[in-house]
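S.K.: Line order of the protein sequences matches chains A and B.
Per full-length UniProt numbering, residue 1 is the first one in the first sequence, and the count goes up by one each step.
Per full-length UniProt numbering, residue 1 is the first one in the second sequence, and the count goes up by one each step.
Simulated from the structure, these hints should not be mistaken for lab results.
Among the clues, some could well be false.
[Said to hold, decoys possible] Calculated cross-link-like contacts (lysine-lysine; reagent style DSS-like; alpha-carbon spacing at most 30 angstroms):
| no. | chain 1 | residue 1 | chain 2 | residue 2 |
| --- | --- | --- | --- | --- |
| 1 | A | Lys185 | B | Lys185 |
| 2 | A | Lys185 | B | Lys59 |
| 3 | B | Lys131 | B | Lys108 |
| 4 | B | Lys59 | A | Lys59 |
| 5 | A | Lys108 | A | Lys59 |
| 6 | A | Lys79 | B | Lys185 |
| 7 | B | Lys108 | B | Lys43 |
| 8 | A | Lys131 | B | Lys131 |
| 9 | B | Lys185 | B | Lys108 |
| 10 | A | Lys108 | B | Lys131 |
| 11 | A | Lys131 | B | Lys43 |
Everything numeric in this text was worked out from a predicted model, so none of it was measured.
Residue strings, one per chain:
Protein chains: 2
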Amino acid sequence: MAYRETSLVKQRKATQKSALLYAAETLVREGGFGALTIQALAKSAGVGVGTVYRYFSNKDELSTEVFRRATAREVESVKLTLAIDESVPNRVVAASQVFAQRAFAAPKLAWALIAEPVDPAVDLARLEYRKTYSALFEAVIQEGVDSGVLVAQNPALSASALVGAMAESLLGPLGHAACNELTTKALGEFCLRAIGVVEFSENK
Amino acid sequence: MAYRETSLVKQRKATQKSALLYAAETLVREGGFGALTIQALAKSAGVGVGTVYRYFSNKDELSTEVFRRATAREVESVKLTLAIDESVPNRVVAASQVFAQRAFAAPKLAWALIAEPVDPAVDLARLEYRKTYSALFEAVIQEGVDSGVLVAQNPALSASALVGAMAESLLGPLGHAACNELTTKALGEFCLRAIGVVEFSENK
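So that you can see chain A by itself, here it is in the shape it has in the complex (with noise of 0.2 angstroms):
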């Protein structure tokens, strides 16, 4: 019976870990890292203190983790756009606007995740984070060039550069939300002039 124990044991532990991230990015959805500490997460997840303490050693660690599974969900959202049964240029403006409006649906978590200052450990989380953006445009845009959709360029410098542009163009309008849709646009057609497209359709 021990093997059995143990394993509802971790079951339980699992579904109280998960319970705490969720409580957890709810505070920074509602108020940004500066919300989340392991006080405040006690109190919302209404438990003790050394409960929160047995799943994450401090804040940065439980910053993290909330930074990971959410940041993890936005990149899934926008791998899933690049790989529409679009051309090149309608695939890489839908994922950018996918972005921008996921950032727009709850604001205050996504400048959390792209720009709030925080401990270096969320910093370097976020570094590997673009990394992985990069590489989904890169591949994109490196389709379009062969392709002869998109002008000739270095993929690897524009999708970089799309990463920076889509990041940084949303940390003033995300305080604003009336400026969700034309922001939205903004950016979508800045990034189909940066991509440098040969010739764009709006249909396939």
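Here the structure of chain A is known, so what remains is to put chain B in place on it, guided by the hints.
M.R.: Coordinates of chain B only, in the frame set by chain A:
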């Protein structure tokens, strides 16, 4: 005589602080902000730790001051380049290239200024300076849109997108000195495409 003494002390203090900041930036040029500690600075400047603490109350304050001094210099270079007597497209391309060339001339310092995971106080200063850069580009892009040299666009969004693109696209190449010329050229071309030039000639 009391006044004169005070003035001399002030002068001596300013000189010593300036020497410490110079030594501190040299450490960052060699090893990033990770190499900048109060102890390392004292050793490198040949003074006691107590002397360093007389000017900087902790490592974060020291890092932030080094960051501000070095970044203000970079901003000034970009500002001067954006003000040369050339067409808007030429000025934007030249500014992006000056930014890249200066970064390649001191790659570790550039990396430290742009992206090294570091104390939140430096992150906060980064966000401020990004805004300063954006405002400079916005004015020039607005001028280009008004005169019809650039396509209609949201100059504020394009400006911050360019700033993000410039910073992000250098992070990988900064690790490879050999990429200098190709990267600088590719970045200039990216920026040129991104701002949507209606008609462009290499000459004014």
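S.K.: Work down the list of hints and note, for each, if the structure agrees.
M.R.: Here is what the structure says about each hint:
1. With a C-alpha separation of about 28 angstroms, the suggested pairing of A/Lys185 with B/Lys185 holds against the 30 angstroms cut-off.
2. Pair hint A/Lys185 plus B/Lys59 does not hold up; C-alpha atoms about 43 angstroms apart against a cutoff of 30 angstroms.
3. The suggested pairing of B/Lys131 with B/Lys108 holds, with an alpha-carbon distance near 23 angstroms, which does not exceed 30 angstroms.
4. Restraint check for B/Lys59 and A/Lys59: satisfied, since their Cα atoms lie roughly 21 angstroms apart, inside the 30 angstroms limit.
5. Of the supplied pair hints, the one linking A/Lys108 and A/Lys59 holds, its CA atoms being roughly 19 angstroms apart against a limit of 30 angstroms.
6. Distance check on the hinted pair: A/Lys79 and B/Lys185 sit about 29 angstroms apart at the alpha-carbon level, within 30 angstroms; holds.
7. Restraint check for B/Lys108 and B/Lys43: satisfied, since their Cα atoms lie roughly 21 angstroms apart, inside the 30 angstroms limit.
8. Restraint check: the Cα-Cα separation between A/Lys131 and B/Lys131 comes to about 23 angstroms, which is no more than 30 angstroms; the hinted pair holds.
9. A hinted pair counts as satisfied when its Cα atoms are at most 30 angstroms apart, and B/Lys185 with B/Lys108 qualifies at roughly 20 angstroms.
10. Annotation: proposed proximity of A/Lys108 to B/Lys131 holds, straight-line Cα distance about 19 angstroms (limit 30 angstroms).
11. For a cut-off of 30 angstroms, the pair hint linking A/Lys131 to B/Lys43 is broken: about 37 angstroms separates their Cα positions.
Of the numbered hints listed earlier, those contradicted by the structure are 2, 11.
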